[in-house]
Every structure is written in C-alpha cells, then in structure tokens.
Amino acid sequence: MTDFRGAWTEGDIEDFLQEATIPVRLATHRPDGSLWLVTLWYRYRDGSLECATQANADVVRFLRNDPEIAFDISTNRVPYRGIRGNGTVDISSENATAVLRDLVERYLGDTDSPLADRLLDDDRDEVRIRIEPREIYSWDYTERMGNGSSERGE
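The opening position of the sequence shown corresponds to residue 1 in the working numbering, with each subsequent residue numbered one higher.
Hints are computed from structural coordinates only; laboratory data are not their basis. Hints are not guaranteed to be accurate.
What the hints assert, rightly or not - Simulated DEER-style distance windows between Cβ atoms:
no., residue 1, residue 2, range
1, ASP46, ASN86, 14 to 22 Å
2, ASP122, SER34, 31 to 39 Å
3, GLU143, ASP32, 38 to 46 Å
4, LEU120, MET145, 34 to 42 Å
5, GLU132, ARG101, 17 to 25 Å
6, GLU68, ASP15, 23 to 31 Å
In this text, a Cβ means the ideal position worked out from N, Cα and C, and glycines have one as well.
Hey, can you work out the whole structure from these sequences and the hints?
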C-alpha cells in the first residue's frame, strides 16, 4: 500500500504519471554501498512504475543486490512540480520487450526511427524493472511561480 502525501491527491498523482513524459530518476546503492543514480523511461500501470533496460546494465546488477530505491519524476521548467518517493523494485524478463515497445512509443511517439530500431532490436536482452512505491510525496509550485512554460510536465 502506497502512502500518498503532499500537494496532490492520489488521483492527481496518477494523472501526472500518465501524462508526463519525464524520465524517472532512480537512486540505488552499488554493492560497495555508494549511491548510484540513473534516468530511465517509465510507464505507470496499476500503481507501479515500469521501466525496461538491457539485462546486463550495471543498474540491473545493483538493483538485484539491493532492491530498495528512491525516485523522482519532476519538471525541469517553471513551474516546478512532480513527485518523489521510495520503494522496492522487482526485475523480470517477463513482458520486458512489450514494456520497452510501449516506452519507445510513449517517449518517441512511434517506432519509426533509428533509435527505436536500435532499442527494439531482436538481439537485445531486456528486463522489466517494476517499481513498487511505498511512499509518494508530491509538490506543485504553480501557484507561487505562475504557469511558466512547462508543457506535458517537461
């Protein structure tokens, strides 16, 4: 069960996560205990965030060693708004290619580009990273900063 706090209702948070095409910033620990931060595309499904990456990526090894994470999804332009939180991850090869295809379409608009071709290459070994949030804190500085230039949460 996720604990929602901050400026937005649970519904507002879900709307933001569905609409915003901002990558998630994911913080984890390396095996030596030091911190590691990675940015990944995500989709929001059934209360979880889903990402995809290559099975041999360093972050996959780090997350298998320690599934406790912190995350941030926030705008980079005024007015600043977004969410941050913590939780755990589950890594699986199940549905990884389908998740990746959905992410490519979400962030690139379609699968018709050299980048999409490279990401969706049949030779790639992908995994799905499912983030199960424990706490989500939202903030929205729109009122004090004005509408600024933020579009689609970017």
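Status of the given 14 to 22 Å range, CB of ASN86 versus CB of ASP46:
Holds, since ASP46 and ASN86 (Cβ atoms, about 19 Å apart) stay within the stated range.
Should the hint that ASP122 and SER34 are 31 to 39 Å apart at their CB atoms be regarded as holding?
35 Å, holds
Cβ separation of GLU143 and ASP32, checked against the hinted range 38 to 46 Å
43 Å, holds
Do the beta carbons of GLU132 and ARG101 sit within 17 to 25 Å of each other?
Once the Cβ atoms are compared, 22 Å apart, the range 17 to 25 Å for ARG101 and GLU132 holds.
Between LEU120 and MET145, is the Cβ distance one that fits in 34 to 42 Å?
For MET145 against LEU120, whose Cβ atoms are near 39 Å apart, the range 34 to 42 Å holds.
With respect to the beta-carbon atoms only, verify the hint that GLU68 and ASP15 lie 23 to 31 Å apart.
27 Å, holds
Every hint from the earlier list agrees with this structure, and none is contradicted.
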